[in-house]
Amino acid sequence: MITPQLDVAVAARSAAGHDTDLAISVRGLRKAYGPQVAVDGVDLEVARGEIVAVLGPNGAGKTTTVSILEGFLPADAGEVRVLGEDPAAASRAWRERVGIVLQSSAPEAELTVRECLELYAGWYRRPRSVDQTLALAGLTDRADRRGAQLSGGERRRLDVALALVGDPELVFLDEPTTGFDPAARREAWRVVAGLRDLGVTVVLTTHYLEEAERLADRIVVLRAGRVIAEGTPRTLGARDRAAAVITFTDADGRAQELRSSSVAADLQRLSAEALARGHDLADLEVRRPTLEDVYLELTDDAPTA
Numbered sequence: 016m017i018t019p020q021l022d023v024a025v026a027a028r029s030a031a032g033h034d035t036d037l038a039i040s041v042r043g044l045r046k047a048y049g050p051q052v053a054v055d056g057v058d059l060e061v062a063r064g065e066i067v068a069v070l071g072p073n074g075a076g077k078t079t080t081v082s083i084l085e086g087f088l089p090a091d092a093g094e095v096r097v098l099g100e101d102p103a104a105a106s107r108a109w110r111e112r113v114g115i116v117l118q119s120s121a122p123e124a125e126l127t128v129r130e131c132l133e134l135y136a137g138w139y140r141r142p143r144s145v146d147q148t149l150a151l152a153g154l155t156d157r158a159d160r161r162g163a164q165l166s167g168g169e170r171r172r173l174d175v176a177l178a179l180v181g182d183p184e185l186v187f188l189d190e191p192t193t194g195f196d197p198a199a200r201r202e203a204w205r206v207v208a209g210l211r212d213l214g215v216t217v218v219l220t221t222h223y224l225e226e227a228e229r230l231a232d233r234i235v236v237l238r239a240g241r242v243i244a245e246g247t248p249r250t251l252g253a254r255d256r257a258a259a260v261i262t263f264t265d266a267d268g269r270a271q272e273l274r275s276s277s278v279a280a281d282l283q284r285l286s287a288e289a290l291a292r293g294h295d296l297a298d299l300e301v302r303r304p305t306l307e308d309v310y311l312e313l314t315d316d317a318p319t320a
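Take 16 as the starting number for the sequence shown in the working numbering and just add one per residue.
Simulated from the structure, these hints should not be mistaken for lab results. Be aware that one or more of the hints could be misleading.
With beta-carbon atoms standing in for the labels, derived distance ranges [to be verified]:
#1 R241 / A158: 40 to 46 Å
#2 H222 / R42: 34 to 40 Å
#3 A104 / A259: 48 to 54 Å
#4 A47 / A279: 25 to 31 Å
#5 G99 / L213: 18 to 24 Å
Positions of the beta carbon are idealized from the N, C-alpha and C atoms, including for glycine.
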């Protein structure tokens, strides 16, 4: 996970205007479709080598924001720099530095995994080796399998491999594990985590909060086209400072819930009271707010469509 020191360093670079250390810099981004405002003044920075998860309910502006960063949509207003260029006017050389995994795609049914990667590698001037790409995506043992024979999880890993074969500096992952079973999702997480070791910058959109918590150095939450919160998985929405919830059954058999900002002292008091009454706190539970708790609190009045 990103360290507090890196948080401070990123802020200091931003204040000093040292954008060379930023893979993405966005100021005042706006985009509307007729009267409907999809993105309403988004500011965003992503440091090089950072994994950032963009969260938000349907209609929050995630897809529009990321599509602008990818160069697929023009912005109506604001300043956008991705790897130092405006994506809307980016060159072919810029596109070779960016990998994109769309939410859905179809494999080349009659080509093997290796053949597919060799085909895509031919489009780049300095591609990553096919064997290395297969290893990164966990597809070495599937290299000779045709696209039509791949499982859903294997096809998604092939999507990631195709995004990596150009040896990009920045990768966009749009809902990379939608529809995966738990085993396939964890294998995909291993692949994404491996990109960190290569120094690749990753922007990830996902509806799976566990995925964001497991992978992201930092989380950005959008609602109604605006950034409403950002931070590490531990600090988002002041999660690290939120009160814990202690639940237990008292001596009279009644379920009790206590919000506590001093857990050790409260547990000591509850234990002393229970012992004094000859009561065992067998169902005692202490729970800190989860990322899901924080996310739902942040977006509880967000649009659902």
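Requested in this report: Mind listing which of the numbered hints don't hold for this structure, in increasing order?
Outcome: 2 and 4
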